[in-house]
Structures are given as C-alpha cells and as structure tokens.
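Student: Use these hints to put chains S, F and X onto chain L, whose structure you have.
Protein chains in written order, with this note's numbering: chain L, 1 to 279; chain S, 1 to 279; chain F, 1 to 245; chain X, 1 to 245.
There could be a bad hint or two in this list.
What the hints assert, rightly or not - Now the stretches of chain S that chain L is said to cover, found in silico as 3 or more residues with beta-carbon under 8 Å: (1) 112–125; (2) 207–218.
Claimed, not checked - No more than 27 Å apart at the CA atoms, straight line, and that leaves these computed lysine-lysine pairs for DSS-like: (3) Lys195(L) with Lys106(F); (4) Lys194(L) with Lys163(F); (5) Lys69(S) with Lys109(F); (6) Lys43(S) with Lys145(L); (7) Lys135(S) with Lys109(F); (8) Lys255(S) with Lys109(F); (9) Lys45(F) with Lys194(L); (10) Lys163(F) with Lys43(S); (11) Lys145(S) with Lys194(L); (12) Lys97(L) with Lys99(S); (13) Lys106(F) with Lys97(S); (14) Lys106(X) with Lys255(L); (15) Lys135(L) with Lys109(X); (16) Lys135(S) with Lys97(S); (17) Lys69(S) with Lys145(L); (18) Lys230(X) with Lys218(X).
Honestly, the hints are just simulated from the structure, not real lab data.
The beta-carbon is built from N, C-alpha and C at its ideal position, and this holds for glycine as well.
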Amino acid sequence: MVNFDLMTVEAIASKVEDNSLIGIPADYSGVPMSVTIEIIKRKKRNLRLYCLPLTTIQGDMLIGSGCVKEIETAAVTLGEYGQAPRFQDAIENNKIKIKDSTCPALHAQLQATEKSVPFMPLRGIIGSDLYHNRKDWSVIDNPVKTHSKDDEKIVILPAVQLDVLIFHAAKADINGNVQIGRRRELATLAHAAKKVYVTVEEIVNEDFFECELKASATLPSLYIDGISLSKNGAWPCGLTDYYTLDSEEMNKYAKAAKHQETFDAYMKNFISQSFYSNN
Amino acid sequence: MVNFDLMTVEAIASKVEDNSLIGIPADYSGVPMSVTIEIIKRKKRNLRLYCLPLTTIQGDMLIGSGCVKEIETAAVTLGEYGQAPRFQDAIENNKIKIKDSTCPALHAQLQATEKSVPFMPLRGIIGSDLYHNRKDWSVIDNPVKTHSKDDEKIVILPAVQLDVLIFHAAKADINGNVQIGRRRELATLAHAAKKVYVTVEEIVNEDFFECELKASATLPSLYIDGISLSKNGAWPCGLTDYYTLDSEEMNKYAKAAKHQETFDAYMKNFISQSFYSNN
Amino acid sequence: MTEVLQPEILISEISNLLRDDRHVAIGAASPIPGSAALLAEEERKNSDLKLKVTILHSQKFNNFTDGSRELFDASAQGRIDTFFLGGVQIDGEANINLVGTGRYPKLDKRFSGSFGSALMYFVVPKIILFREEHTPRTLVKKVDFISAPGISPPNVYRPGGPKYLITNRALFSFNKKEKNFKIEKINPEFTLDEVIKSTGFEFKTNKNLKYFSMPSQKRIDILRNLIAPKVLNFYPQFAKKLWFN
Amino acid sequence: MTEVLQPEILISEISNLLRDDRHVAIGAASPIPGSAALLAEEERKNSDLKLKVTILHSQKFNNFTDGSRELFDASAQGRIDTFFLGGVQIDGEANINLVGTGRYPKLDKRFSGSFGSALMYFVVPKIILFREEHTPRTLVKKVDFISAPGISPPNVYRPGGPKYLITNRALFSFNKKEKNFKIEKINPEFTLDEVIKSTGFEFKTNKNLKYFSMPSQKRIDILRNLIAPKVLNFYPQFAKKLWFN
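Isolated chain L (complex conformation) (with noise of 0.2 Å):
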C-alpha cells in the first residue's frame, strides 16, 4: 500500500494537453520513453518541447509523430548515432519553429520561475545569433556598477513556467518522494512547473526522508502530481545504476529515422509491442 494515487502510464499521457509546454529531460536524467510512446499513440499534437538542455530520441520521435509545433533546446542529437533525422527534416521543411538556445540560458530560465523572478541575466551570448533570433532575449546595460566594467553589456532572460513535467526515475517511496541521484537539473525542470509527473522502476516499502543519504538524492512529493510504476521505462535510453543505452536499438531508430516512410514503419512496428510493463 502506499500513501499516494498511483496512475498508469496511460493516464500520464493523457494529461498532456495539446499545445501545452512540456520539460524534456536530456538524455542522462531519464528520458520518460514509455510516457513518450503512449503521447504518440494518443495523437497529441501542437506540444512545445523545453529541453533542459537537450533532447535524443524522444524529441526526435515526438517530431517524427507529428506532435510537436515548437522547441526550445541547445541540441537535437542521437549522441553517437549521428544527428536526429526528424528533427534535420523539420527544420529543413519548415515543419515546426525552433527557438535555438544556449544549455545555461535553459537552466536560467527556469531558475527565474523557481525563484518567481521575471529574468535572470547571463553572461555569454552577446555577439551570437541565438541572440539575434530571440525576441523574448534583451540587453540591458549592467546595473550593478563594478569598477572594473563601468559599462558592462549583459543578457536578460524571461522566466520560464512549463505546463508539465514528465520523467523517469529509479525508485519512488511510499510516500510519493522520488530518488533522482545526482540529476538536480529534475529538481529545477520540478520547481518550474506546474505539474509534474514521474515514472518509476520501482516503489519500495520506505520513506527516503528516514535516511539523511537518501534524503539527499530525493525530489520531495510536495512538487509531484502523479507516478506510475513503469519497468524499463527510459528504454533504449539508459538509467543511472539500472541499464545502459540499448546500442542495437539505437543503431536501429537511427538508420529507419532517415526518411519518414522507414520512421513511420518503425513506430508502427514499436507501438504495436509491449516493450514497457506495469508490474
């Protein structure tokens, strides 16, 4: 038994609006693959994807699907499977907008919403043409006199609020918290968002908040609205102390992503299965 509203995988992806923003772990904080599948089963379309900083597979299938309208990332990339083919595709067919970025203004845009600031500044960035093509980016003359830049150029970022959340993680207790480890940049994306929502390896009979060690690897249920038990969730990306990147599989999306008729053949044979169980 435990102390929260355990959901299905399925229930998780029907709370993604259409249209809505939605935090996209990069590769290494747990990619939610089977959450992402079932969005693509139920035809979401319009979603506006926030990389935090970037994204593989999962946006590039998202884009693939058609589902996606928008993305704000520093990256599309299969890592060492080569470039994200859909992705390429849509940018070069003029398919969805992208709003090119730099991986610290991501983490500072959505450290503005933790702290409830309006923006956050940031070095760098003057000079690029990420800055060019932002509107929603400024330059202000630095506030702050310091003596040894009197006339500092400095950039400013909005605060940015996403609609949901959703990742995969290694464990959640019975109480509803949830073990991310090292990945804090989960905590920020949490902290930033209105809802958020989690898929598990497993749930064990204890509270993190017992055991100082865990405590310090734990997302508290406070900023979580749902979990679902979800056996290798983030597959064929890899999770933390669970399992590796599948190579094969890869190697397999990577080659049917080239053109979309083989992509299409690809999640058409990929939905059909049951990678992904409940129990």
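Tutor: Relative to chain L, chains S, F and X alone:
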C-alpha cells in the same frame, strides 16, 4: 593514506586573514566551532561575517571576542536560548557595522557569484527599511514586459564573493570529497568562495563517487582547499546524525554572554580546555 | 475535565486557521505555530485534504532537499499556503519590525533580525502574525523599523500578505483594502476595553465578537499524547516547560 | 614499433595542450578530447600538478553533484581551465557554427545545435576548437550562423575564448588581438600548401612550423591499456571502432 593534504584545525584558522569576508553557516549547516576558537585565540581582527542566512553562538563569540568589524545577516540569535547578547551589545553601542538583510537575499547574492553574473533580481524587500539602509541594493523597472504587470519594480542585489568559507561536516572520503547531505546551502557557499576549508568528524576509506546515493550527498573536492579531522568540531552546536545541540552549554553561554566580563571569563575557560580532538 | 493551559488554547486557535491549507511551513523559534500545524496535520490524517507540515528546524519534519533556500523558492513559487511571522513590534498597518527599537542603526534595544520576512510576507498567501505579548509596547502605532511592510503599491509583486494577527488576548483579521485590523475573537479572560487599552493602534471592532474556544478533550489528548513528543525533538526547551516539567 | 593510428596522434597532440591545466571538462560527443584528457590525467598521476578530468557523459568521471548546470556555473566561476568546442563551420575570426548551413532559420542542412558554446566560449580561459575534417566546407571564410563569436567588444565580459584549433591536418593558435589563426604544427602527411588550399580562411604561417609528433611507445601503451577501456564506458561506438574491433 588519503589523496589530499590533511590540515590541522590550527592551520585552517591561520588561513583566515584580517579583514577577510568569511562565509558563516547557519546553526543547522555544520558550525565550525573548533576552528572558531582557534580564530579567537589567534586574535584575528576586522573580520567581515557573511551569514547564510544567520548565525548563533559562533557569530556571537567572534563579536564578543573583538574579531568582527562588520556583519551581513538576516539574524543573530541563540534560538531557544534567547537573543545573542554580545551581538546586541555591539550593535547598541555602535561597535560593529551591520548590513541587515533577509534570508533569500543572502542566498541570491551568493547564487549570483555561483553563476558569475553581476547581480540577481529578487522580489519582496521593497518598502522595507532593510532596503532603505542598503546602498548596495537598487530598484529597477522590470526589463521583461509581462502582460499583467507592465510597470513592476524589482530589487537588484549585487553578487557577493566570499574570501573564505569554513564549515564542519560529517565525513570526508579518501579523495577529499565531503558529505554535506541535504545542506545544499553549503554548496552555494562553496561555489561562491575563493577558499574553502572543512573540518570533519571522520575520514572514511572510500570514494563517495562510487555510489550514486553518496555522490548525491557530496560536495566535490574540486571546491575544497583543505580538510581537517575534528571530532565534535561543531560542539556545542549539533551535527545531523552525530550529536544534538548541547542545551546545558548553550544555557551556560547565554548566561555568561550577558556581560562582557562574564563572557571574557567564559571564553578564557573555554580556550584553556581541549574540547576538540584531532583523532 | 483536564485543566487546559493557556498556550494550548493558542495552539488550538491557530490550528483552526489552517483549515483549508495543503502545506504549512514553520520557521525559526515558533513552537506554538509548529505545535498547531502538527495538530492540524494529525487531525486531517485520514481526511481527503491532507496537510503537509514543514518544520525547518527539524530533521524529520523537513520536507525539503534543496538546502535552506528551498523554503523561499517554494514560497515564491506559491507552494506554501501559510507561514508565521512574529515581531518585536507590529503596527496598525501590519508593518512588522524584527530588528529592534530606537533609531536604526544605533538601536536602543537590538533584536535578532528580519529573517526571511522581507520575502515571505510578500509571497505567502496567508501570513499569520503571531506575538504572545499583547501590550502597547509590542502592538504599536508605528513600528520603529520596517522589516517587511504590511501593504505594497500595485507596482510591487505581492500575491501574499497578512491575514491574521493572534496574541494571548485576541485574534484579529487584516483588511488589505482598508489597511486595518478587525478583532475577531477575544480571550475570555479579558474585556474588549482591556484589549483596546493594551493595543497601541486602532482597530475595527466586531458586532459578532467571539471568544477563544476551548479545545475539546479529544484535541487535548492528541496534543499531549501525539504532538508534544514530536515538539520535544525540535523545540526541547518549550516542550519541557509546557508538557514535560 | 607499433603502428600508431591517426586518432591516436590527435589524442597525443591534444594531450600536450593540457600541460598546465588543473581541471579539464569534456562535453557531449567528444571521444578524442576525452581520451586526451584521461591520458594527461594518467601521465600526471604521480606528479605535483594533478589533473582533474570531468567527462559529463560518464557516471564515473563526472565530478559534479549539482546537476547539469554545474558545468556552466563552475566554468563561469573560473574553475575549468580547458574545454573543447567543435563546429559545423569555423571561420578565420574563430566564430563557430554548430547549428547548420544555409539561411537561418530555414537551413539547407541542420545540425544538432549550439549546446553550451554561447557561454563556455566566453568564460573558459583555454578553449580548444576541435574538428577532424579539414576542408573548405568546415573551415570557412565566414560562418553561416554564429553559435558563439570568436571575439567580443570590451564591454562584454569575456575572460575566456579560443586558444587553439586542431584538425586532422594541423594545429593552429589564435591571436585575439590580431583576430586570426597562426599555424603551429602540421600533420606530416600534408604539405603547408595542401593545408592552405583546404582552409577556407587565411591564416598566418610560421617560420618554426613543426610536425605533429609521434606519441612514444610508453604513451601508446598507456593509451591502449589504461585509457581505452575507460573510454569504452562512455563512448562505446568510438572505442570499439578504434581499439576493440
């Protein structure tokens, strides 16, 4: 054998230079009392304390011992043991300068240095006399226009970099990584400090990075300039999972510190004893 | 019936004010609000609207894992429904002073400091001002130093602010538009006239003025049997004096 | 002597550039720089100047505990001495393009994106640009899109920037004041003239032009016996192809 330079408590204290800006951890974050006594013994002068966000007996002792020129803090208090008498006396008789602040501002000023931005915005504060007495704070018009509040005023806080941070913690590993648990404000302090010294209860023969849970609770050695073994190093303050605050000693101190003469006698006695052992 | 102690009545009254909350946070040196929050949590344990209580000075009842800034961040995010603030002085416009009396910076009497009040007072929807001592010395016409203002102009972000003021003599509500307090409940040991005389600022009186209510025996039992041992962990001085002497 | 592989020469050359560093960080998809950093770390293991290597995509060689923003924060704090950046295109003023070719936003050929370059290029003192392919297609007169600029005006905070550019044909140094590259070393398989022809921008030549140096047998042994198995953990595709095929 450890893979870092083990220091003595005395050596750490001698690293603190007159006039330096010192990071002071709150009563719950590992108060470095053994080093504090050595600082007092060495008659360090004109120290500037930056409290995150408050100090208890440590700050009061340093002030009463004449080591302090200035303090930036959200509070100085002995908690359940009453007001901080040497601090009160110093303020009421104009012996030290105070920069009265509020907890989130003390955090934000360090976070600015953590990100190497010259300032951080923060809501609140406007209309308080804290603001009216801080020449280093200013108010600007929010440069990011939102629909709801086109003319919002917001406070701008300058980045603060500490000269030195000293704190007490549970454990160091053989590679000089330190366990801080949930006390992540210690990471913020360390990121914003030029030099960081740590005293620990024990040094353990392992590498915290070999275990994801332990790594999650770790401040990496890359931020740490020196470590000393110091059993009971936070006493009479407490340390999570090791010992609780010593009520009897706190009462004794609170009483003695009411007058400079009794405080001096208390300190003379304190210094003459060996409360802390290095092994 | 058991004799009910004065602080227990305050704990019970404060607990009633937390009725619709989901998350209450308790800051430094607040044993009575802390006890009230744990009482409310216990009483709602089996209801649909559970209450989460974060006591910052406790290891066990601290729900945060992002260091001591998380209280302020979470509050600014709107995730904390109620927070308590005290005051060396509180005035009729709900300005609070936690710094000291006299002319700043060289004060006649210095107190601990403003803590997080200069943000919390702005962002937490229900701030309950709590000061046991109810005298013209604590409830003043105008505070000597504003740690955090009771009200703000429209160009300042302020979703939160003062909702109640509770002392050992009375419970007041605060009206943001009229910028004044109204008395809601009174300690039956005092008359309204006595309360008026012991208050340094003017407040609105109430035709429906009620008395502080006596906690039920059941509530007293919960408080003494279940809550007191918890409080002993993180406010030992307070708990010992009240319950374990 | 063992046959030395071309990537091993690059690894060895890059490793030489890390001589005075205390902390080198390696970002996404950088197996050759990552191998070079681990090689330098191993060779200096018993010296006074130890090298710390943080490989972000590795669980074991990641020295950070504050989430993925810590690389950027630590770099901005000045705690990272060297970082590597690549580029779809790199031009003669050291502007780098990681986004794609053609007219943005509707590009002819889209690549992955700018990653952290738009901050890292400004704050890390020694940025080594690394791009294996040395052709007029990659080393261009002017990039189509600036992910991060090579130089900045004085009113922009910029303690860091480009120091070297290394390709499979040559090693260049960058002169910030003159805003140009100078060739320092050349792959002995190519002539200077061939390098000039395969470079889309003009660069300064060097009277003391040296050749890429052959790694010693000892270094090759360390690389193949100690470093290769580590690299296999976080760049499996690369390591398998080079060392475990």
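Student: Go through the numbered hints given earlier and state which of them the structure violates, listing their numbers in rising order.
Tutor: Of the numbered hints given earlier, those the structure breaks are 3, 6, 10, 12, listed in rising order.
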